[in-house]
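Chemist: If you're matching them up, the sequences are chains A and B in order.
Sequential numbering from 1 applies to the first sequence in our numbering.
Sequential numbering from 1 applies to the second sequence in our numbering.
Honestly, the hints are just simulated from the structure, not real lab data.
Quick caveat: nothing in here was measured; it's all calculated off a predicted structure.
Even glycine gets a Cβ: it sits at the ideal position worked out from N, Cα and C.
Wrong hints could be hidden among the right ones.
Covered stretches of chain A, as calculated for chain B (at least 3 residues, CB under 8 Å) [as the list claims (entries may be wrong)]: (1) 401-412; (2) 601-615.
Each computed EDC-like pair below joins lysine to aspartate or glutamate, with the alpha-carbon atoms no more than 20 Å apart [stated by the list, open to error]: (3) Lys435(A) with Glu211(B); (4) Lys22(A) with Glu79(A); (5) Lys435(A) with Glu204(B); (6) Lys435(A) with Asp458(A); (7) Lys22(A) with Asp9(A); (8) Lys261(A) with Asp512(A).
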Amino acid sequence: MTPALQVEDLSISYAASGPVVKGLSFAIAPGESYGLVGESGCGKTTVAMAVARYLPAAGRITDGRLTVAGRDVYDLDREELRTLRSSAMAMVYQEPGRALNPTMRVGRQIGEVFELAGLNGDVVRAEVERTLRRVGFHEPAGVAVRYPHELSGGQQQRVVIAMALAVRPALLILDEPTTGLDARVQAGVLALIDELRGELDAGVLLISHNLPLIAAHCDRVGILYAGELVEEGDAREVVAQPTHPYTQGLVRSLPSIDESKGLRRLESIPGSVASAAAVQTGCTFAPRCELATERCRQVAPELLPFSPEGGQVRAVSCHRAGSALPAARPLAPSLHEVSPDGDPLLRVQGLTKRYGPVTAASAVDLDIRPGEVLGLVGESGSGKTTLGRCIAGLTSYEGEIAFTGAGAVQMVFQSPDASLNPRRTVRAVLGRAIKQLGGDTSVEALAAQVGLGEALLDRLPRELSGGQKQRVAIARAFAGPVSLVVCDEPVSALDVSVQAKILDLLHDLQVDRGVSYLFVSHDLAVIRRLADRIGVMYRGELVEIGAADDVFAGPRHPYTEAILRASIDDPRAGRGSTADEAPSAAPAEEIAPDPVGCAFAGSCPQAIAGVCAVQAPPWREPAVGHTIRCHLPVPELPIRSTPSPRGPA
Amino acid sequence: MSSTAAEGTLPLPADGSARSRVSSDGALLDLRAVPPARHAWRTLLRRPTFLVGAGFVVFWVAAAVLWKPLGFDPLGPTGLPLEGPSGAHPFGTDNLGRDMFARVLAGAQPTLEVAPLATLVATAFGTALGLVAGYFRGVVDDVLMRSFDVLYAFPQIISVLLVASAFGHSLLTLVIAIAIFFTPIIARTVRSAVLVETNHQYVEAARLQGERPTWILAREILPNILPVVVVEATIRLAYAIFVSAGLSFLGLGAQPPSPDWGLVVSQNRIFVQNAWWCAAFPALGIATLVVSVNLIADNLRDVTSR
């Protein structure tokens, strides 16, 4: 049987930075889903571009062959290539909004695909509706006449997938297709891809930095490090039982929602991918490998079959395949006991923020105690960032915020690129922060606290990696006496291994300085990592707040249950653990809620007809300090037996 | 952009924004990195259009500065009236027998006094107002922008005539008039650049740090919008040369017997049919200078906007 994609000994080089893909080989059978995983700079996207022959001008294929459905992509003339692209392969990227033409109705855009295939008139219209129905739109005629901006991010991505699959391609390339989408939407999009793949018998190349996602949705996985495949095998097995030290490190770097605060350090891979460029002899991963021996530094390992205990044969490129990394170090325990009865550091009462007719936050009440981390979770548009900005004093609001702590509230932002002035050196930024915030430390000492060496002090932000930039931003927040730091998605723009290091750093600083955090994130596992208490926001309202353990143990708000189910669980628990039980995951076409009733009533599987949508929900209190805003009586609130907590890996 | 199955779903590779950084390759991003200032200079010096533009500008600046020390006489008669170009008078002579070559060289001086000065004044005020409007938004922004709209609503020439009758006909009048009408244009450009910058969280971080607005504007935002200011000022300079020549042509700027290009073209236009050289060469002066400054502006924009 002809493979959907065959990559043979592929090497790609960029004029400016040298080789980025080295001797890569893998194949995808029809109907098979193959995941390609690696951190930024490992060459994933370059591979995807090369398959479609879309490499930028500076990129050059120096060796190897790429075959799609039996045809050598680089042995085609212009016309043949166009035919191949339009009939045999399809690509779906991150940011669906940019893949769609904003000036064209969705139906017309999909229609073009069929017109290109020689259809016209009513046949095209019928095909468009059939395609839209297939990707989960219940009212295809209504959707077809809309413009892309009238659809949500998840809906846009489903339209892009509809276009991609309209021609029944042999190969579907998905490059980070759900990054940037909310967990519930992501689950819906991926379930759709799984379903259509079976239906069309297409090979799928799924490129992602997200290991749990790959484990849940792919048959096989290839782990890419610095342009080389270091491990390849059954996706579930590789993630559940990684054998290459890099794969092990990646898996360990993941925070898990089953792991309560402070169990172990996440940091598992020292250094950065950049070090691979300097490697002349031996294994490219050796400089970052805790298991590296003299042999590793001298002799480059080959990708060889390896049979882990009780598993299928896989390919691993490591002299020490199967040896386990040393046990993770435990985190410093929290020294500052949070007293539940003491005076709060921050008290928010009836906080409401309106942007014109839109209410971003509505009548929020919450307390943050000294030395406590309050995690705030919610989807995009839930008002969690708005709340953080109100508390930091960056925007006006109605209601009351009483803050009794020392110093000003500081903030760590999401984007490491935007949060540093591109024209100011690290030294200038930190020096000024110390002066302004009344710190009694030196720039060098402050930088050392966040793990920045002196060599970096005179650099500009563009000369730093994402993780280093985020360290500077964190150092800036801690430059003076500070008692509350608002962390707004501080790790969501970072790679897993970098994310792990930043989360560890934030934990250490919090314990060390006894500060409080308001930690805003869409990622439950990240919140679980740091938070003592968790608040859940939905459409501007706080729907649940309580101790982290109580929220995770349940009973919980139906919305909390929905995001918990949609967030892809511990990869080690294996594939299907979430896909099976995410029935109504996609909040497809949500109805604008009644201003009085529960905002979640429209999407809630347990909504009580005639009550939830029209009456304001009361606060339930299943445990002391754990409150849930819901019409359901406590015994009927969702409760799921979470898997038994797993000890340090 | 029309779309097909394959092409429609293919946007350009990641744009380097924070989110796409997750997915894109380091190598791709490195190619996109902003070149440092030194690199920008080297790139400029490798662009032929920049070199041509810079060459002409240097020539005219040299003419404006050196015509007197080199002994050119633009005012006294040195030949017969309306003599054609020759070895003695490369650009011919005008109706009073004055050497056109000397007059064209000397004519660069008033132009290069008025236009850069007016641009400088307009850039200073425009940048300050743009910074304030873009940073504070709200009422300040509304008042400034709406008063600029009012200013725009008058036809420029009529407004300049107004200014001229208020201040008298002189080069200073030109400077004031041009500065007044360029300030809002620069302010708008700067304002929109400031709006982009204030979306970046480093500005909020500075506020959280307790920085004063003046510090934030001068030290955080201004350095980042400086490329925009420089490019805009250069474009305005080209326009200023053009406008000042036009106003002199109308008699609102330099007065006879000044060799100002606009004025000379105006005075000699009646002879164009028999003695084309008396109007053509000063006109050529205006054209080369305007086009050259525009070339420089284009190149600056290309190099800094990458």
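Chemist: Now tell me, hint by hint, if it's right for this structure.
Modeler: Structure-based check of all given hints:
Check result for the region 401-412 of chain A against chain B: holds, 4 residues qualifying (beta carbon to beta carbon below 8 Å, three or more required). For the region 601-615 of chain A, the assignment as covered by chain B is violated, since 0 residues bring a beta-carbon within under 8 Å of that chain's beta-carbons and 3 are needed. Distance check on the hinted pair: Lys435(A) and Glu211(B) sit about 11 Å apart at the alpha-carbon level, within 20 Å; holds. Among the hinted pairs, Lys22(A) with Glu79(A) is inconsistent with the structure: their alpha-carbon atoms are about 29 Å apart, more than 20 Å.
The suggested pairing of Lys435(A) with Glu204(B) holds, with an alpha-carbon distance near 17 Å, which does not exceed 20 Å. Only pairs whose Cα atoms come within 20 Å are accepted, and Lys435(A) paired with Asp458(A) is accepted, the gap being roughly 18 Å. Restraint check for Lys22(A) and Asp9(A): satisfied, since their Cα atoms lie roughly 8 Å apart, inside the 20 Å limit. For the hint pairing Lys261(A) with Asp512(A), the CA-to-CA distance comes to about 16 Å; that is within 20 Å, so the pair holds.
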